[in-house]
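Novice: Chain by chain, the residues:
4 protein chains.
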Amino acid sequence: MAVVQFSPAQPVRAPEREDLHLAFRTVRARSLALTRGLSSEDQLVQSMPEVSPTKWHLAHVTWFFETFILKAHAHGYRPFHPGFEHLFNSYYNSVGEMHARPRRGLLSRPSHDEVLDYRAFVDEKMLQLLETAPTHLAPELSRLTILGLNHEEQHQELMMTDIKHVLSCNPLLPAAFEAPAPARSIALEDGWAGYEGGFVMLGHAGDGFAFDNETPRHKVWLRPFSLRTRPVSNRDYLAFIEDGGYDAFDLWLSDGWAVVKSEGWEAPLYWTKRDGEWHEFTLAGLRPLDLDAPVAHVSYYEADAFARWAGARLPSEAELEIALRGEPITGNVLPDVEDGAAMLAPMPRAAEHAGNNLMQAYGDVWEWTASDYAAYPGFAPVAGALGEYNGKFMCNQFVLKGGSCATPHGHVRASYRNFFYPKDRWQFTGLRLAKPY
Amino acid sequence: MAVVQFSPAQPVRAPEREDLHLAFRTVRARSLALTRGLSSEDQLVQSMPEVSPTKWHLAHVTWFFETFILKAHAHGYRPFHPGFEHLFNSYYNSVGEMHARPRRGLLSRPSHDEVLDYRAFVDEKMLQLLETAPTHLAPELSRLTILGLNHEEQHQELMMTDIKHVLSCNPLLPAAFEAPAPARSIALEDGWAGYEGGFVMLGHAGDGFAFDNETPRHKVWLRPFSLRTRPVSNRDYLAFIEDGGYDAFDLWLSDGWAVVKSEGWEAPLYWTKRDGEWHEFTLAGLRPLDLDAPVAHVSYYEADAFARWAGARLPSEAELEIALRGEPITGNVLPDVEDGAAMLAPMPRAAEHAGNNLMQAYGDVWEWTASDYAAYPGFAPVAGALGEYNGKFMCNQFVLKGGSCATPHGHVRASYRNFFYPKDRWQFTGLRLAKPY
Amino acid sequence: MAVVQFSPAQPVRAPEREDLHLAFRTVRARSLALTRGLSSEDQLVQSMPEVSPTKWHLAHVTWFFETFILKAHAHGYRPFHPGFEHLFNSYYNSVGEMHARPRRGLLSRPSHDEVLDYRAFVDEKMLQLLETAPTHLAPELSRLTILGLNHEEQHQELMMTDIKHVLSCNPLLPAAFEAPAPARSIALEDGWAGYEGGFVMLGHAGDGFAFDNETPRHKVWLRPFSLRTRPVSNRDYLAFIEDGGYDAFDLWLSDGWAVVKSEGWEAPLYWTKRDGEWHEFTLAGLRPLDLDAPVAHVSYYEADAFARWAGARLPSEAELEIALRGEPITGNVLPDVEDGAAMLAPMPRAAEHAGNNLMQAYGDVWEWTASDYAAYPGFAPVAGALGEYNGKFMCNQFVLKGGSCATPHGHVRASYRNFFYPKDRWQFTGLRLAKPY
Amino acid sequence: MAVVQFSPAQPVRAPEREDLHLAFRTVRARSLALTRGLSSEDQLVQSMPEVSPTKWHLAHVTWFFETFILKAHAHGYRPFHPGFEHLFNSYYNSVGEMHARPRRGLLSRPSHDEVLDYRAFVDEKMLQLLETAPTHLAPELSRLTILGLNHEEQHQELMMTDIKHVLSCNPLLPAAFEAPAPARSIALEDGWAGYEGGFVMLGHAGDGFAFDNETPRHKVWLRPFSLRTRPVSNRDYLAFIEDGGYDAFDLWLSDGWAVVKSEGWEAPLYWTKRDGEWHEFTLAGLRPLDLDAPVAHVSYYEADAFARWAGARLPSEAELEIALRGEPITGNVLPDVEDGAAMLAPMPRAAEHAGNNLMQAYGDVWEWTASDYAAYPGFAPVAGALGEYNGKFMCNQFVLKGGSCATPHGHVRASYRNFFYPKDRWQFTGLRLAKPY
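Chains A, B, C and D supply the protein sequences, listed in that same order. Residue numbers for the first sequence follow numbering that gives the first Met the number 0, so the first one is 0 and each next one is one higher. Residue numbers for the second sequence follow numbering that gives the first Met the number 0, so the first one is 0 and each next one is one higher. Residue numbers for the third sequence follow numbering that gives the first Met the number 0, so the first one is 0 and each next one is one higher. Residue numbers for the fourth sequence follow numbering that gives the first Met the number 0, so the first one is 0 and each next one is one higher.
In case anyone wonders, no lab produced these hints; they're calculated from the structure. Errors might be hidden in some of the hints.
Identical chains blur together in the list; that is why a pair holds if it fits in one copy or across any two.
Here are the simulated PhoX-like pairs of lysine-lysine, each with C-alpha atoms no more than 20 Å apart in a straight line [stated by the list, open to error]:
#1 LYS124 with LYS272
#2 LYS272 with LYS422
#3 LYS124 with LYS391
#4 LYS391 with LYS434
#5 LYS422 with LYS70
#6 LYS272 with LYS218
#7 LYS124 with LYS218
#8 LYS434 with LYS124
#9 LYS70 with LYS434
#10 LYS260 with LYS391
#11 LYS391 with LYS272
#12 LYS124 with LYS70
#13 LYS422 with LYS391
#14 LYS434 with LYS422
#15 LYS260 with LYS70
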């Protein structure tokens with residue numbers, strides 16, 4: 000999901016007007032809550048091409064509502080600023096020329112304050128439209144609004160992972176958020192959970208929201224398999240490092256080994272040694288490594304090498320999807336917030352709850368699968384600009400499942416397909432081991 | 000197959016001693032026949048990092064026999080030259096340090112003549128060993144020899160595609176080979192062949208030779224599908240170009256579009272316009288484009304964009320494998336040669352024969368599939384240096400099926416998995432369209 | 000002067016205490032006046048490695064006073080922040096590790112407000128020290144303070160040229176400053192001024208301040224020469240463009256031609272055509288090209304090619320230095336400001352005054368010379384960190400003379416040696432033609 | 000001289016016809032003698048963009064005679080091959096499009112044999128023309144022929160330095176030439192020679208051949224100076240290394256330090272340690288470092304840093320030119336050869352003779368000066384393609400004086416100006432220290 004998708008899978012049943020209002024206000028408020036500890040300067044920085052400034056995220060998700068809803072459906076709507084279509088478009092070639100991605104950090108203008116004004120302006124127009132739109136428009140408005148909110152939620156996660164990267168580049172290692180209280184870790188058995196396989200149906204079902212890449216639902220033949228009940232922990236990963244994992248070429252994919260050498264990788268992103276002790280940079284600053292937490296910020300290459308070292312393998316997307324269906328969708332995710340409240344630093348933590356078969360199935364870290372991100376049989380993208388790009392990324396990336404500590408509450412589900420390049424490390428990405436039944 | 004694989008799938012039934020001798024002499028002779036029109040200077044040039052000089056190929060395949068058979072099993076064997084292990088190793092990290100791949104074109108020494116001496120020396124020792132080895136070694140020798148011959152056949156194809164690239168970089172556009180006679184093209188209906196799908200078994204079966212990546216045989220559920228009876232022709236592809244295919248961003252994968260722009264692609268590799276007419280550089284020099292021949296030298300990105308433009312899609316590996324099983328393994332491939340004879344220029348040609356369902360199923364061009372090159376369920380690489388690298392390339396590449404005009408006769412089969420990066424174009428790579436049944 | 004120098008040439012006569020106070024307050028106030036129109040976000044952006052953020056400049060010049068004066072001479076001085084030595088050091092390897100130059104734009108922390116606090120803190124301590132220091136320290140404090148102020152003045156020019164580059168990268172093309180009133184251009188003859196040559200003494204003389212690279216004064220034999228009375232104007236340069244100057248390889252130095260091709264140069268930096276008319280981005284936004292103003296933002300390569308096209312040549316440093324000595328040191332430079340006043344946009348303008356022999360000898364644009372930046376015979380850098388780097392840049396750069404519209408009033412003199420790489424264009428750099436007498 | 004110059008300074012007095020014949024045959028024979036130990040494969044390799052294959056050199060110098068003499072003046076001359084103008088042109092944009100420089104190593108065709116045929120063909124036509132040309136053409140033919148021979152001599156030096164680089168890239172470290180007998184080193188005092196300075200005339204005088212960049216002769220004022228009687232030896236340079244010279248940033252120019260770090264320089268090019276002992280790759284293979292020989296293959300940056308470490312400086316061009324005038328033009332240079340004889344490996348050696356003031360003033364190693372390569376006052380390039388490029392390289396390079404062990408006998412003189420980029424190391428480049436008188 001280096002680039003955010005957003006086509007919806009299917010017509011979504013229109014919710015009640017009040018529910019839509021509430022959802023709109025909740026999601027939009029969360030975006031602002033996430034930035035509470037960040038200065039306007041923090042929100043401008045772009046630390047690498049893959050990262051976008053916070054301010055850009057705040058404006059871009061607003062641009063979505065303006066472009067696809069207000070311009071299309073609000074009678075007499077006049078855009079807040081004529082230049083914003085160009086500046087805050089991300090990749091929709093059919094909408095217009097975009098401002099080159101690696102140059103987003105140069106946009107000192109519009110100021111952060113102007114972007115907040117932009118948000119307030121669009122919020123007001125949106126709520127007004129939802130209030131007053133004629134009935135025949137309601138299903139379409141509802142569909143687009145829900146889509147825009149899911150789109151904004153995806154960017155909320157990116158806002159967290161991007162600002163983490165930005166702050167990590169500052170030698171002062173600032174802590175932008177308060178740390179959460181320590182996890183009340185539970186003493187649960189670690190082990191393997193077995194699954195029978197056979198004919199399974201994969202992909203989205205039901206009438207809830209889903210992106211189009213989760214469809215069509217289709218039949219797959221699956222061999223029996225087992226999954227580790229816990230994700231791989233920092234403790235586990237440290238053992239891999241100390242066993243010389245980063246020096247053992249025979250553990251690595253060829254392309255991965257080339258990156259290990261060219262980038263000088265010796266540990267997950269954000270790990271660093273101080274006075275002989277491992278620390279990890281977090282959104283609450285530099286902290287001693289929490290050995291009980293799931294390992295995060297590893298690339299696919301590292302996940303794959305770890306699995307080989309451990310005598311196991313990565314699960315396929317189908318295996319994880321089947322397993323996730325059996326678990327409650329709760330966990331360490333990005334919460335809803337009271338108006339005006341600040342967010343605590345999202346970070347992976349030790350398990351606090353058992354699940355049915357798996358611990359930490361949802362939340363904490365996205366789990367790499369061995370499945371490349373490809374179209375499901377019969378997949379057809381939505382027509383027009385909204386669907387323009389959903390199939391475009393189905394090459395060279397791998398699927399991740401289950402959501403992370405930075406995934407907004409309510410956003411993830413078993414059929415959800417996140418995807419990144421195998422070298423990417425700045426997301427909250429970890430892994431869970433698999434093996435034959 | 001930018002890097003050549005070679006672990007065998009399984010114990011191969013030992014052939015009769017005479018058969019093995021014959022196979023050894025036939026394959027080794029073909030390598031020399033392929034170089035008949037090339038000077039020692041031609042055989043030294045490396046035109047890009049992915050390309051190896053012909054001389055290097057000739058030595059490297061010989062090094063394989065020396066390292067894995069003669070050093071291991073020929074009593075008292077003394078290597079031909081102590082430096083060759085280093086120079087002609089390709090990527091076997093567990094055997095020793097390699098000479099960096101992009102620097103192979105710097106090796107003016109050893110001379111081409113020395114490499115021929117090296118080949119003759121190793122041939123003599125090999126034939127002697129096969130003659131005299133104790134019976135208990137026979138199965139192992141047979142297994143390794145057959146493996147080495149399959150390895151050499153893979154390099155024979157690379158010798159052709161690599162030297163084609165080398166010569167294409169010379170402004171004189173030399174013709175190193177004689178052209179074959181024009182194809183006796185047949186007037187056959189073009190259309191779609193339907194396949195029923197259902198449960199199928201994929202991967203290698205039987206006791207013939209196969210590489211380990213073709214195993215284990217495993218069950219897959221397949222939906223009904225159709226394949227175009229002919230591969231996409233130069234005529235078809237030209238229509239795509241003339242319809243603005245290379246300018247229509249919405250036809251392309253995102254990563255593909257980036258390459259189109261950065262590389263300035265406007266046609267397949269080797270196509271060029273002279274006086275308003277399309278020509279193609281071939282191993283027999285520059286020639287007018289043969290509109291009836293299958294299009295070759297297109298990347299995965301181009302194949303995928305063409306399929307989208309044509310309202311179809313690329314087949315999966317499973318679909319092509321099932322279809323290939325139903326066809327006779329004949330076609331326009333690299334023939335065996337009489338001793339001392341020269342090879343005609345391999346080039347894709349118009350169909351000369353109908354198959355059962357498909358034309359040109361084998362030979363002419365490797366057909367891109369939409370399937371990433373990944374391990375089959377339960378795949379386990381062979382132990383030791385020979386198996387070191389088979390799984391290493393299972394990332395970021397796509398599977399191709401069916402063999403090409405440069406694939407040695409007898410080398411390809413339905414379960415064969417060739418693989419290249421989606422941007423690669425210097426192989427004889429084309430495509431066949433698929434759609435739902 | 001891509002990197003700022005600062006060793007003083009010689010002991011400077013200590014000024015009266017009041018004069019030093021006044022100079023300190025004047026220079027320090029100008030730095031803040033220059034930033035009046037810039038937001039804290041503007042002041043954070045780094046648009047290319049050679050550019051530093053305004054905030055970084057403001058802190059770095061302060062760091063100089065803190066490090067070389069307060070830490071060294073203010074009894075019991077405690078640094079404002081322990082991390083600033085690292086963050087705001089520029090290149091003084093003997094002082095400590097520096098924050099990598101291209102990463103200065105990542106420093107959202109310390110905030111702009113903190114940097115202003117840092118400035119106020121150091122200002123207070125400096126004024127206190129100057130007030131109270133024992134008499135025996137006065138000459139040393141005076142020497143270092145004057146050096147620090149000259150250093151800050153150099154950065155004031157860079158603040159202007161750097162922010163111009165930053166704002167030019169914003170598609171909104173913001174105007175950060177008010178434009179000055181149009182020049183009251185005078186109708187003066189253009190022509191050539193002749194100079195006799197012979198033995199001349201070059202380099203700094205007298206007891207005013209100078210940098211060490213202006214010394215030692217030394218004898219040179221000079222042939223008679225002529226200089227154009229005006230610098231090359233935008234009108235002149237436009238004729239060069241319209242005559243195909245950027246396409247005529249025979250006008251260019253070989254290295255210059257390579258840059259023209261690789262960068263796609265077709266006009267000076269900041270020139271752009273709108274609706275068929277040439278415009279120039281300025282610190283007051285995009286404006287129609289002022290044909291009477293001196294051309295600015297050309298590289299050495301462009302200056303050299305223009306001179307060749309014009310049948311003339313660039314002057315040597317010695318020639319320009321001799322000519323500058325005969326002119327009054329006035330012109331279009333960066334003025335002193337009243338407390339709290341904002342600065343008008345510095346920009347080259349049409350000539351408003353005749354000089355003795357030359358117009359616009361000082362100010363408007365730095366004039367490229369054909370002389371490489373090298374040590375004067377007998378040159379010896381100042382010892383220690385302060386002198387550490389003066390000789391370090393004497394390679395691959397060319398000397399420029401005369402100051403520009405962004406050079407602070409009082410900062411330039413005939414012996415002043417500015418220097419940049421021949422490809423650099425973001426300074427206010429222009430040229431004046433020379434020919435034999 | 001990364002790119003070879005060749006405009007002559009002035010009309011050269013026409014030599015007798017027999018002398019011209021002899022000179023032609025002598026120079027042309029030397030080119031072939033230099034390649035005696037090299038295979039056609041050796042002669043094809045290009046190991047970096049700055050290096051040209053031997054075969055290319057052999058053809059390019061021949062192309063010069065064909066293009067500028069035979070095509071222009073031999074009635075009815077038909078070019079040997081129509082494609083060669085394109086392939087063997089080097090940089091003369093006014094003659095025609097060139098084959099991109101870094102791709103010269105791809106030219107397996109024309110073969111080495113064809114290039115020898117090309118040479119023989121042009122030699123025959125040239126000798127015939129010189130024999131039969133009408134008298135009025137004699138001065139022009141003589142001028143152009145002498146120019147062409149000087150051009151070929153420049154390439155003879157490059158053939159040696161380029162093939163040395165090529166062979167050094169081969170892990171087998173082949174010795175292409177026989178080593179010369181050890182030097183009969185003489186026990187001479189090392190010390191400083193003083194020169195008075197004053198008014199001196201620089202540049203070429205007299206009626207011998209010179210390149211245009213050696214003119215016009217012009218007056219310069221020079222301060223008294225001293226030069227070290229010997230060039231810096233390997234022993235001297237080793238002391239610099241062992242004293243940590245490559246780790247002491249304060250010894251280095253800023254641009255030089257950047258290269259030291261990015262390239263990982265720790266010693267001169269071609270130095271390598273084997274079993275704890277320093278060795279040097281030579282044209283006679285790898286040999287223990289000769290401590291008495293002048294250090295070679297150092298960049299300007301290294302020469303400058305060494306001089307600073309030694310408490311001295313590099314001489315200016317003027318200083319070295321004045322000093323060279325006082326020395327006999329003899330030394331360790333590339334000799335003339337008997338027909339068919341092979342050349343011994345050129346390599347710097349210990350001094351065998353005292354000079355007047357300096358030892359090894361000519362030959363052994365080119366000596367870096369602190370002078371940038373710039374036009375002499377009043378310099379005007381020759382008109383047309385022959386003079387096209389002489390001024391083009393007067394930027395970013397430094398002058399070297401005195402010739403090397405690979406400079407053909409008779410080619411060098413006091414006014415000769417060689418020039419390379421400060422980072423270049425693959426020539427036989429060394430240094431001699433200077434200081435004030």
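Novice: When no copy is specified for LYS260 and LYS70, does a C-alpha distance of 20 Å or less occur within a copy, between copies, both, or neither?
Specialist: neither (49 Å within a copy, 32 Å between copies)
Novice: For the identical chains here, do LYS260 and LYS391 meet the 20 Å Cα criterion within one copy, between copies, both, or neither?
Specialist: For LYS260 and LYS391, only the inter-copy Cα distance (16 Å) is at most 20 Å; the intra-copy one is 30 Å.
Novice: How would you label the pair LYS434, LYS422 (within, between, both, or neither) given a Cα cut-off of 20 Å?
Specialist: Answer is neither; intra-copy 24 Å and inter-copy 33 Å both fail.
Novice: Within a copy, between copies, both or neither: where do LYS124 and LYS272 come within 20 Å Cα-Cα?
Specialist: neither (51 Å within a copy, 38 Å between copies)
Novice: Is it within a copy, between copies, both, or neither that the alpha carbon of LYS124 lies no farther than 20 Å from that of LYS70?
Specialist: within (11 Å within a copy, 57 Å between copies)
Novice: At most 20 Å between alpha carbons: which applies to LYS391 and LYS272, within, between, both or neither?
Specialist: neither (40 Å within a copy, 31 Å between copies)
Novice: At most 20 Å between CA atoms: does that hold for LYS422 and LYS70 within a copy, between copies, both, or neither?
Specialist: Result: close neither inside a copy nor across copies, 38 Å intra and 39 Å inter.
Novice: Is it within, between, both or neither when you check LYS272 against LYS422 at 20 Å Cα-Cα?
Specialist: neither (22 Å within a copy, 37 Å between copies)
Novice: At most 20 Å between alpha carbons: which applies to LYS391 and LYS434, within, between, both or neither?
Specialist: Result: close only across copies, 19 Å inter versus 32 Å intra.
Novice: For LYS422 and LYS391, with the copy left unspecified, which applies at a CA distance of at most 20 Å: within, between, both, or neither?
Specialist: Both. Shortest intra-copy (19 Å) and inter-copy (15 Å) distances satisfy the 20 Å Cα cut-off.
Novice: My question is about LYS124 and LYS391: at a cut-off of 20 Å on alpha-carbon distance, are they close within one copy, between copies, both, or neither?
Specialist: Classified as neither: same-chain Cα gap 32 Å, cross-chain 54 Å, threshold 20 Å.
Novice: Classify it for me, LYS272 with LYS218: is the Cα-Cα distance of at most 20 Å met within a copy, between copies, both or neither?
Specialist: neither (48 Å within a copy, 48 Å between copies)
Checked against the numbered hints listed earlier, the structure breaks hints 1, 2, 3, 5, 6, 7, 8, 9, 11, 14, 15; every other hint is satisfied.
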